[in-house]
Amino acid sequence: MHNLRELFSEEQFTVYTEALRHRGFELQEVDRETYGDIRRLHIARDSYRAERNRVSDQFRGADEQGRADLREQIDRIDGGLTSVELSIAAVEPSFSERMLSMPNVSADHVPRGVSEEDNVVVSEHGELGTTDGDIFDH
Numbered sequence: 001m002h003n004l005r006e007l008f009s010e011e012q013f014t015v016y017t018e019a020l021r022h023r024g025f026e027l028q029e030v031d032r033e034t035y036g037d038i039r040r041l042h043i044a045r046d047s048y049r050a051e052r053n054r055v056s057d058q059f060r061g062a063d064e065q066g067r068a069d070l071r072e073q074i075d076r077i078d079g080g081l082t083s084v085e086l087s088i089a090a091v092e093p094s095f096s097e098r099m100l101s102m103p104n105v106s107a108d109h110v111p112r113g114v115s116e117e118d119n120v121v122v123s124e125h126g127e128l129g130t131t132d133g134d135i136f137d138h
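Each residue of the sequence shown is one higher than the last, beginning at 1 in this note's numbering.
Honestly, the hints are just simulated from the structure, not real lab data.
Computed from a predicted model, the values in this text were never measured in an experiment.
For each residue, glycine too, the CB sits at the ideal point set by N, CA and C.
Possibly wrong hints are sitting among the right ones.
Said to hold, decoys possible - Between beta-carbon pairs, the in silico distance windows are:
1. 36 / 123: 41 to 47 angstroms
2. 118 / 51: 53 to 59 angstroms
3. 69 / 29: 42 to 48 angstroms
With the hints as constraints, model all of the structure from the sequences given.
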């Protein structure tokens, strides 16, 4: 799993885009924008929740009229919270699915290749044995 904050940062976006392109995955600017939108929605959701908690805490010391006013505030907060949660639910699943389909990026020291023939043998130990009979690739 990639660190999306790092992946979409100004410093790393181009680096990751090129590395992922080599692996056959096209990271796009719209992915970066969607990530930013989702982060802003999460921040808004958390702010609504914090505000709702703050207003709810005032219930204990409030009189009848104060409680009625607080209920109205909570209703307004809940409306905003519901709107934000619906927006998250509309965007986040497809974004998450796309991000989960992203291949891992090889470390910088790993040679790039397109098939197993491009792999570099770092070391070999022992001798390869011989086998009798049919051996299946695994």
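Going through the hints against the structure:
1. 36 / 123: 41 to 47 angstroms: holds (45 angstroms)
2. 118 / 51: 53 to 59 angstroms: About 56 angstroms separates the Cβ atoms of residue 118 and residue 51, which means 53 to 59 angstroms holds.
3. 69 / 29: 42 to 48 angstroms: Holds, at about 46 angstroms.
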